[in-house]
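Chains as they are written, first to last, in my numbering: chain D, 1 to 547; chain E, 1 to 301; chain U, 1 to 99.
Hints listed in this document are in silico derivations from the structure and should not be mistaken for laboratory results. Quick caveat: nothing in here was measured; it's all calculated off a predicted structure. The beta-carbon is built from N, C-alpha and C at its ideal position, and this holds for glycine as well. Take the hints with a grain of salt, since some may be wrong.
If you anchor each label on the Cβ, the simulated ranges turn out as follows [stated by the list, open to error]:
#1 Tyr33/U <-> Gly16/E: 36 to 42 angstroms
#2 Ser301/D <-> Gly301/E: 39 to 45 angstroms
#3 Arg73/D <-> Asp49/U: 57 to 63 angstroms
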Amino acid sequence: MKVKRSWTQQRDAKNARMEKVSSLLNGKFAKTEDAKEILERLIEPNDKVVIEGDNQKQADFLSRTLANVDPERVHDLHMIISSISRPEHLDIFDKGIASKIDFAYSGAQSTRVSQMISSGRMKVGAIHTYLELFGRLFIDLIPNVVLVAAEKADRNGNLYTGFNTEETPTIVESAAFKNGIVIVQANEIVDQVPRVDIPGDQIDVIIPADKPYELEPLFTRDPQNITEIQILMAMMAIRGIYEKHNVQSLNHGVGFNTSAIELLLPTYGEKLGLKGKICRNWELNPTPTLIPAIESGWVESIHSFGGEVGMEKYIAARPDIFFVGKDGSMRSNRALGQVAGQYAIDMFIGSTLQIDKYGNSSTVTAGRVPGFGGAPNMGSNPTGRRHSTPAWQAMKTTDNPLDKGQKLVVQMVETFGANKQPVFVDKLDAVDVQKEINMENAPIMIYSEDTTHIVTEEGIAYLYKTDSMAERQAAIEAIAGVTPVGLRSNASQLQDLRNRGIVALPEDLGVHRGEAKRSLLAAQNMSDLVKWSDGLYNPPAKFRSWS
Amino acid sequence: MGEFWMFPGQGYQHAGMLQNVPRNLIDKVYDLTGIELTDTDEAYQDSIQIQLGILTLQIYQVNRLKKAGINPQIVGGHSLGVFGAAYAAENLRCEDAIRIVYQRAKLMQNAYHDGYGMGVVVGLSRTQVEQLVAQVDSPTEPVFASNQNSAVQIALSGKLTAIQKVIELAKKNGAQTAKLIKVPVPSHSLLMKNVAQILSADLQKIQIVPSQIRYLTNYSGMVTQSVDDIRYDLGNNLVHPVYWEQMTDVALEFSPDLIVEFSPGHAFSKLIKTKSDIRTFAIDDYGIEDSLFLLEKWKRG
Amino acid sequence: MEKLNYKFDTQEEVKEPVHVGVVASGDLEVLVYPTTDPQTTVEIVTGSDGFGEVWKNVLDRFFARYPLHADFKINDFGATPGVVNLRLAQAMEEIKHGE
Numbered sequence: 001m002k003v004k005r006s007w008t009q010q011r012d013a014k015n016a017r018m019e020k021v022s023s024l025l026n027g028k029f030a031k032t033e034d035a036k037e038i039l040e041r042l043i044e045p046n047d048k049v050v051i052e053g054d055n056q057k058q059a060d061f062l063s064r065t066l067a068n069v070d071p072e073r074v075h076d077l078h079m080i081i082s083s084i085s086r087p088e089h090l091d092i093f094d095k096g097i098a099s100k101i102d103f104a105y106s107g108a109q110s111t112r113v114s115q116m117i118s119s120g121r122m123k124v125g126a127i128h129t130y131l132e133l134f135g136r137l138f139i140d141l142i143p144n145v146v147l148v149a150a151e152k153a154d155r156n157g158n159l160y161t162g163f164n165t166e167e168t169p170t171i172v173e174s175a176a177f178k179n180g181i182v183i184v185q186a187n188e189i190v191d192q193v194p195r196v197d198i199p200g201d202q203i204d205v206i207i208p209a210d211k212p213y214e215l216e217p218l219f220t221r222d223p224q225n226i227t228e229i230q231i232l233m234a235m236m237a238i239r240g241i242y243e244k245h246n247v248q249s250l251n252h253g254v255g256f257n258t259s260a261i262e263l264l265l266p267t268y269g270e271k272l273g274l275k276g277k278i279c280r281n282w283e284l285n286p287t288p289t290l291i292p293a294i295e296s297g298w299v300e301s302i303h304s305f306g307g308e309v310g311m312e313k314y315i316a317a318r319p320d321i322f323f324v325g326k327d328g329s330m331r332s333n334r335a336l337g338q339v340a341g342q343y344a345i346d347m348f349i350g351s352t353l354q355i356d357k358y359g360n361s362s363t364v365t366a367g368r369v370p371g372f373g374g375a376p377n378m379g380s381n382p383t384g385r386r387h388s389t390p391a392w393q394a395m396k397t398t399d400n401p402l403d404k405g406q407k408l409v410v411q412m413v414e415t416f417g418a419n420k421q422p423v424f425v426d427k428l429d430a431v432d433v434q435k436e437i438n439m440e441n442a443p444i445m446i447y448s449e450d451t452t453h454i455v456t457e458e459g460i461a462y463l464y465k466t467d468s469m470a471e472r473q474a475a476i477e478a479i480a481g482v483t484p485v486g487l488r489s490n491a492s493q494l495q496d497l498r499n500r501g502i503v504a505l506p507e508d509l510g511v512h513r514g515e516a517k518r519s520l521l522a523a524q525n526m527s528d529l530v531k532w533s534d535g536l537y538n539p540p541a542k543f544r545s546w547s
Numbered sequence: 001m002g003e004f005w006m007f008p009g010q011g012y013q014h015a016g017m018l019q020n021v022p023r024n025l026i027d028k029v030y031d032l033t034g035i036e037l038t039d040t041d042e043a044y045q046d047s048i049q050i051q052l053g054i055l056t057l058q059i060y061q062v063n064r065l066k067k068a069g070i071n072p073q074i075v076g077g078h079s080l081g082v083f084g085a086a087y088a089a090e091n092l093r094c095e096d097a098i099r100i101v102y103q104r105a106k107l108m109q110n111a112y113h114d115g116y117g118m119g120v121v122v123g124l125s126r127t128q129v130e131q132l133v134a135q136v137d138s139p140t141e142p143v144f145a146s147n148q149n150s151a152v153q154i155a156l157s158g159k160l161t162a163i164q165k166v167i168e169l170a171k172k173n174g175a176q177t178a179k180l181i182k183v184p185v186p187s188h189s190l191l192m193k194n195v196a197q198i199l200s201a202d203l204q205k206i207q208i209v210p211s212q213i214r215y216l217t218n219y220s221g222m223v224t225q226s227v228d229d230i231r232y233d234l235g236n237n238l239v240h241p242v243y244w245e246q247m248t249d250v251a252l253e254f255s256p257d258l259i260v261e262f263s264p265g266h267a268f269s270k271l272i273k274t275k276s277d278i279r280t281f282a283i284d285d286y287g288i289e290d291s292l293f294l295l296e297k298w299k300r301g
Numbered sequence: 001m002e003k004l005n006y007k008f009d010t011q012e013e014v015k016e017p018v019h020v021g022v023v024a025s026g027d028l029e030v031l032v033y034p035t036t037d038p039q040t041t042v043e044i045v046t047g048s049d050g051f052g053e054v055w056k057n058v059l060d061r062f063f064a065r066y067p068l069h070a071d072f073k074i075n076d077f078g079a080t081p082g083v084v085n086l087r088l089a090q091a092m093e094e095i096k097h098g099e
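Using the sequences and the hints, build the whole thing.
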């Protein structure tokens, strides 16, 4: 039987809400000083509200404003924030303006997030990967109001998000076509935007920000801080994984381990004759340590999730490599980048804080809930993948005609980390944290079944070659050094695993430890990176102590 | 974003530390408590002289910085340091701070005579230390894992014989250091319940003033601006571990652009430097005059 | 500051002295001297106290894999076990390369 109802209830409700602010708007434009009043009139208790808190770009004018609204008028919001990055994201909960959250990452606020969950001040729907959270914006977390940041807006409401587009289009899309309200903070109002990243008809309210949005240089690593042990691991990875499996397309996690690899390509990699043969197509934020490899002709293409402070001019001058608009600035896109990183690359390589004896890894430590971000998307085997590449095929271990390849998922760690605490442990801290904050799933970053290789300063474990959990454990023990896990391995076990190609030591790979010197890096410091870039790279102030 | 001010408790007091403190502040302490601060090694054998001495020094330094227009965004005190912190956050008036610390010191001095105290274990996690404590703790030999100064620096509080047993176990289980420390009471454990009850009752009579400055609590490691939370912390931090590691981690999440450790000592600025590259210094590193010069220079940019 | 001493029964004679590593925070230097003693001796001077057990484990593993016969002197400035192992292995490579 057909139901009798109005099919435009949501649209009517949105129109009614917009009516409440009409006196404060000139077209789509509001005054900076009216921001608080606008949020108080447009947001209703129990609304689902997205604040654009990306990895780098922050809608911080709007989040500061939301943290100051009257909790009598606006309360019990259900926040959806991909990256909880700013103190005021949590002040919103302290003041009772919001009570529930769904998020992906909270690295910069992980202690306070953990405290607020434990104390019950913040109810967590779930902790997601980026793609899951973006996906749910279109399924069961469709927002009522979204608060996003743009660099420029024009008179028609068209937005320019440029270099730092990140997830703005994804968030806007989830509200604009489903009766949600789209509120934008803009650094600048101009007559015409340099290019249209988001069309004006998707936008409801534009408020000039009190100051330009916050931007964090998250992916910059100073080559000065790369150690010889990281260089040794990088050499092993290049020989024992990149070269061995013919890795063409890849993502590098953020850290000094992978920066070391980037800086060895033009030196060590070139000496091995690998230029043009490996590492051609990248899904990667524009990390400065890749400049020497780009300049020496290693790289064909780079697509990016977000921008990186200081790389703007360099990228504008290299449109053959990066994704650049006609206006000359890069276009980033986190959602599409994550899809590419999950489905279209040969390899993900990253680092972690703990690996258990089975090979599960986690970045959760006691008292901290940092969430996941994008690593589990890229650091997992996409069983839906159907296209083939040499590296993918190289992971096949049987002759079975129905057997399929696998993505390479590589963890690269020193056996002991900060405070000289072992990285290899019998039980992950994540298991205790799961109990502490009462989560349904233990917060594992990358599961053992997805992990194909582990690299330590001792050697490489080729986990994909193992055919039982016992053998997988033995392979991990063999490269876990003198951690409690590693001490279970003995010389004869190691010899057997080496003979069968399941474990390789540096000497098995033709890697000389004595060669692992800082002089092998294509750039020793930030100033070298600037030189490689012909002066186009402009490091942020906190990295400029050399000048 | 602003400044994070850290206030240490007992441990680094030394003769002569009050030499710059003006006479009128020393006199104020005398008028309120009848205690003459003598600032000598001999005096610092006495818990009342130590606690009032440190508080007075911190009040003086806070006054100097504020007079120069320098203010914190967030404050945290360790144990006794909570009173200096609450004063700096403008939650607690000078006179009330002096009176309540005098009361606290007296109560603590009379709480235990022999056989109780504290220890410290370095190199094991809290979970590991708690497991060792559970093997020893009993009604006749109580011992607790108490203050968490860093991920691998955990204090012990309780009966000395029990602490000694945990120390032996810790050494066998891979601790780098495990030893008794010179504190004559089992602070920051349930053994201080009676002291906390009396102190809390006294605090009910004192006005705690709301402020825009954020205050880090010892008992939960959380940041707060609630007068009830602050009152609870001032009165009851003695029965809870000081979650110093969590307090500083939370402070760092506010991205302060400067971290200042008030006197005496510089133990906490050293700890911070192991995990953050934010500009951090202890007033004891430079003395009050040079510290003020630097702070004003950095403030100008 | 702590001084640690260990002895090992090893067979592979070292003929030339070798020096690897650096004197820097988080690092260490290893000096290897040929010896006529029946046992290999390792003398460690370290700034980080309380890691005797970890040192023993690192050395046990190293000499099980590479039974070099020599006198080892190690000056440690807070290196992780991974760095210790790297420096020892670099000394081993240099000794074998020298042959």
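Taking the hints in turn, this is what the structure says about them:
A hinted range of 36 to 42 angstroms for the beta carbons of Tyr33/U and Gly16/E is inconsistent with their spacing of about 51 angstroms. Look at Ser301/D against Gly301/E: about 42 angstroms separates their beta carbons, and that is inside 39 to 45 angstroms. A hinted range of 57 to 63 angstroms holds for the C-beta pair Arg73/D and Asp49/U, which are about 59 angstroms apart.
Checked against the numbered hints given earlier, the structure breaks only hint 1 and satisfies all the rest.
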